[in-house]
Amino acid sequence: MRCSTTWSRIESPLLYGTRLRALSILTAVTLTAGFGLAFFYAPMDADQGFMQKIFYVHVPLAIVALCGFVFGGIMAIQHLRTGDARYDLRSYVAIHLSLILGAGVLVTGSIWARASWGHWWVWDEPTLVSFLVIFLLYATYQPLRFSIEDPDRQARYASVFAIIAGAFVPLNFLAVRLAQAYTHPRVFATTDGGLPAKMQLPFYLCLIGMALLFATLWKYEMASKNTSAKLRSLRRKLGGDEAVARRGRSAAPSLRTGS
Amino acid sequence: MRRAVGALLRKELRLELSAPQAVPAMALFSVTTLVVFHFALQRGQVDGDLAAGVLWVTLLFAAMLGTSRLFVADYEEGGLDGFLLAPVDRTALLVAKAVAMFAFLVAFEVVAVPAFALLLLGPTPDASAVARLVLVLALADAGVAVVGTLVGALAVQTRARDLLVPLLALPLLIPVVIAAAKATTPLLLATGAGAIPVRWLAILGLYDLVFGLLAYAVFDYLVED
Amino acid sequence: MTDTLPDNTGYVAAAYLVFFALILIYVVIMATKLARFERELAELDELADRVAAEREHDQEREAVST
Numbered sequence: 001m002r003c004s005t006t007w008s009r010i011e012s013p014l015l016y017g018t019r020l021r022a023l024s025i026l027t028a029v030t031l032t033a034g035f036g037l038a039f040f041y042a043p044m045d046a047d048q049g050f051m052q053k054i055f056y057v058h059v060p061l062a063i064v065a066l067c068g069f070v071f072g073g074i075m076a077i078q079h080l081r082t083g084d085a086r087y088d089l090r091s092y093v094a095i096h097l098s099l100i101l102g103a104g105v106l107v108t109g110s111i112w113a114r115a116s117w118g119h120w121w122v123w124d125e126p127t128l129v130s131f132l133v134i135f136l137l138y139a140t141y142q143p144l145r146f147s148i149e150d151p152d153r154q155a156r157y158a159s160v161f162a163i164i165a166g167a168f169v170p171l172n173f174l175a176v177r178l179a180q181a182y183t184h185p186r187v188f189a190t191t192d193g194g195l196p197a198k199m200q201l202p203f204y205l206c207l208i209g210m211a212l213l214f215a216t217l218w219k220y221e222m223a224s225k226n227t228s229a230k231l232r233s234l235r236r237k238l239g240g241d242e243a244v245a246r247r248g249r250s251a252a253p254s255l256r257t258g259s
Numbered sequence: 001m002r003r004a005v006g007a008l009l010r011k012e013l014r015l016e017l018s019a020p021q022a023v024p025a026m027a028l029f030s031v032t033t034l035v036v037f038h039f040a041l042q043r044g045q046v047d048g049d050l051a052a053g054v055l056w057v058t059l060l061f062a063a064m065l066g067t068s069r070l071f072v073a074d075y076e077e078g079g080l081d082g083f084l085l086a087p088v089d090r091t092a093l094l095v096a097k098a099v100a101m102f103a104f105l106v107a108f109e110v111v112a113v114p115a116f117a118l119l120l121l122g123p124t125p126d127a128s129a130v131a132r133l134v135l136v137l138a139l140a141d142a143g144v145a146v147v148g149t150l151v152g153a154l155a156v157q158t159r160a161r162d163l164l165v166p167l168l169a170l171p172l173l174i175p176v177v178i179a180a181a182k183a184t185t186p187l188l189l190a191t192g193a194g195a196i197p198v199r200w201l202a203i204l205g206l207y208d209l210v211f212g213l214l215a216y217a218v219f220d221y222l223v224e225d
Numbered sequence: 001m002t003d004t005l006p007d008n009t010g011y012v013a014a015a016y017l018v019f020f021a022l023i024l025i026y027v028v029i030m031a032t033k034l035a036r037f038e039r040e041l042a043e044l045d046e047l048a049d050r051v052a053a054e055r056e057h058d059q060e061r062e063a064v065s066t
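As they're listed, the protein sequences go chains V, Z and P. For what it's worth, my numbering labels the leading residue of the first sequence as 1, then goes sequentially. For what it's worth, my numbering labels the leading residue of the second sequence as 1, then goes sequentially. For what it's worth, my numbering labels the leading residue of the third sequence as 1, then goes sequentially.
Quick caveat, the hints were computed from the structure, so don't treat them as lab data. One thing to keep in mind: the hints can contain errors.
To be verified - Lysine to any residue pairs mimicking SDA-like chemistry, simulated, CA-CA at most 25 angstroms apart:
no.	chain 1	residue 1	chain 2	residue 2
1	V	K198	V	F39
2	V	K198	V	M44
3	P	K33	V	A252
4	P	K33	V	S228
5	V	K230	V	W218
6	P	K33	V	A113
7	Z	K11	Z	V223
8	V	K237	P	G10
9	V	K230	P	V18
10	V	K230	P	A48
11	P	K33	V	A215
12	V	K219	V	F39
13	V	K230	P	A52
14	V	K219	P	V18
15	V	K237	P	R61
16	Z	K11	Z	A25
17	V	K219	V	T82
Starting from the given sequences, assemble the full structure and let the hints guide the process.
So this is what it looks like as structure tokens:
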């Protein structure tokens with residue numbers, strides 16, 4: 001049984017806050033430049049015309065969301081290896097954020113499908129289909145956490161899930177891609193070659209911008225969680241244990257301190 | 001380690017043989033599902049890719065039913081604690097449960113697949129096609145068994161385990177469905193069984209390997225107290 | 001770009017709007033959390049004042065009684 005004093009120290013929120021402003025500014029600048037170039041510099045696509053511009057928001061979002069899931073898995077590995085609860089929080093926030101971005105990917109992908117082929121959903125695009133499967137998988141992360149009451153076990157099982165799911169991401173893409181290869185050729189150009197030079201710069205800028213956006217939002221979320229934990233601890237120190245409201249069941253990792 | 005696996009496996013099989021819960025339920029469920037498919041698809045016979053799809057959906061959903069049962073008895077009757085006290089490698093439990101699950105799958109498929117052939121399948125596959133079908137079933141069942149054991153262990157401690165098991169397992173099993181359905185389709189063609197593209201067997205094998213290793217790596221953390 | 005807006009502008013606009021809506025929703029959620037933090041900090045500040053006042057009160061009483 002782990003005793004409460006081995007629960008991690010709460011990190012000072014300032015640790016996330018000091019570089020946050022610079023990061024936000026960098027994100028805004030990069031994304032604005034990326035989107036600007038996408039609309040005003042990149043050439044019109046020969047097949048798809050103007051609606052190909054959705055590519056510059058949809059694909060970077062998808063790549064960053066997938067990397068976010070894998071990052072969550074890596075944090076989970078660290079959590080199981082070291083037992084440090086902070087890694088669990090990092091994993092949770094990364095997966096939570098990637099899931100929200102993933103919803104955005106599915107919606108923008110659906111809009112693109114509608115614009116390209118007239119249907120709100122198509123099975124032909126393997127990346128989108130793979131993404132749906134991954135999304136459905138990670139959507140169970142929070143219900144899984146919520147259904148386990150013991151926080152220690154909740155964190156451990158969530159980490160196991162994050163590792164399994166993170167390893168599953170590449171396997172799933174491989175399988176779906178192979179399933180489609182013989183029915184339809186790949187329609188959308190990606191970074192794996194085939195992108196004309198003038199499209200590459202805006203695309204990479206948007207990709208970097210999205211990655212920075214993920215980092216920014218992740219830091220915001222971490223700072224926010226740390227702050228509320230510190231407030232709770234402060235309340236306990238000043239008012240004693242009675243002043244603190246009972247924490248109900250929650251899916252989010254709790255940062256308890258040893259007093 | 002092998003003795004531990006053997007002992008645990010014998011316990012699982014004996015438990016199921018003495019009070020059959022999982023296998024009869026899975027078999028009955030699969031036959032019922034086939035009947036439902038008949039009415040839902042409004043067809044008397046299926047062949048080719050439709051047949052492969054019907055077969056694999058039926059098998060998969062029946063397997064989901066059986067997975068929850070795998071750990072519940074242990075959990076409820078405290079068998080897990082007894083195991084944890086023994087000086088045995090934890091992964092022995094994983095291997096034993098996975099092999100038991102595989103055995104259960106094979107057992108119910110002995111009923112389900114002939115039922116499918118009887119009720120819904122149009123073309124009658126010849127002996128070599130049946131042999132190849134058995135191969136595909138074996139590879140796919142291995143994957144389902146490993147994932148089922150993992151997800152079962154994950155979900156047994158939760159409060160909503162019967163809901164969580166299919167929710168967690170089905171997305172994870174999508175590559176198995178893809179590969180198994182694609183591999184089975186040539187065997188059930190109305191025009192006579194064809195060859196299976198090797199790539200799908202390779203994917204099934206790769207999946208089994210990857211998830212087997214993954215399960216081996218993480219299982220300890222699931223069975224800690 | 002051509003003189004008249006292409007037909008697919010609506011879809012492109014919708015996709016980018018979805019993206020921005022996601023970010024703005026996040027901003028709103030963060031704003032709510034910040035408001036709650038400010039309120040809690042104000043409460044804790046008050047609590048700290050009360051605790052300090054109590055301690056002074058106790059010290060005075062001890063000084064008087066000795």
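Structure-based check of all given hints:
1. Note on K198 (chain V) and F39 (chain V): the hinted pairing holds, with a Cα-Cα distance of about 12 angstroms set against a maximum of 25 angstroms.
2. Distance hint between K198 (chain V) and M44 (chain V) is fulfilled; the C-alpha atoms sit about 10 angstroms from each other, no more than 25 angstroms.
3. A threshold of 25 angstroms between alpha carbons decides the hint, and for K33 (chain P) with A252 (chain V) the separation of about 15 angstroms falls inside it, so the pair holds.
4. Taken as a hint, the K33 (chain P) and S228 (chain V) pair is honoured in the structure, with Cα atoms around 9 angstroms apart against an allowance of 25 angstroms.
5. This hinted pair checks out: K230 (chain V) and W218 (chain V) have alpha carbons roughly 18 angstroms apart, not beyond 25 angstroms.
6. Of the pairs offered as hints, the one joining K33 (chain P) and A113 (chain V) is violated, with about 36 angstroms between alpha carbons and a cut-off of 25 angstroms exceeded.
7. With a CA separation close to 18 angstroms, the supplied pair K11 (chain Z) and V223 (chain Z) stays within the 25 angstroms bound.
8. Restraint check for K237 (chain V) and G10 (chain P): not satisfied, since their Cα atoms lie roughly 56 angstroms apart, outside the 25 angstroms limit.
9. Taken as a hint, the K230 (chain V) and V18 (chain P) pair is broken in the structure, with Cα atoms around 34 angstroms apart against an allowance of 25 angstroms.
10. Using a Cα cut-off of 25 angstroms, the hinted pair K230 (chain V) and A48 (chain P) holds, with the two alpha carbons roughly 15 angstroms apart.
11. A C-alpha spacing of about 19 angstroms is found between K33 (chain P) and A215 (chain V), which places the hinted pair at or below 25 angstroms, so the restraint holds.
12. Annotation: proposed proximity of K219 (chain V) to F39 (chain V) is violated, straight-line Cα distance about 30 angstroms (limit 25 angstroms).
13. Our distance criterion of 25 angstroms between C-alpha atoms is met by K230 (chain V) and A52 (chain P), whose separation comes to about 20 angstroms.
14. A threshold of 25 angstroms between alpha carbons decides the hint, and for K219 (chain V) with V18 (chain P) the separation of about 22 angstroms falls inside it, so the pair holds.
15. Distance restraint check for K237 (chain V) and R61 (chain P): the Cα-Cα separation of roughly 24 angstroms lies within the 25 angstroms cut-off, and the hinted pair is therefore satisfied.
16. At roughly 20 angstroms between alpha-carbon atoms, K11 (chain Z) and A25 (chain Z) fall within 25 angstroms of each other, so this suggested pair holds.
17. Only pairs whose Cα atoms come within 25 angstroms are accepted, and K219 (chain V) paired with T82 (chain V) is accepted, the gap being roughly 22 angstroms.
Comparing the model with each earlier hint shows violations of hints 6, 8, 9 and 12; every other hint is respected.
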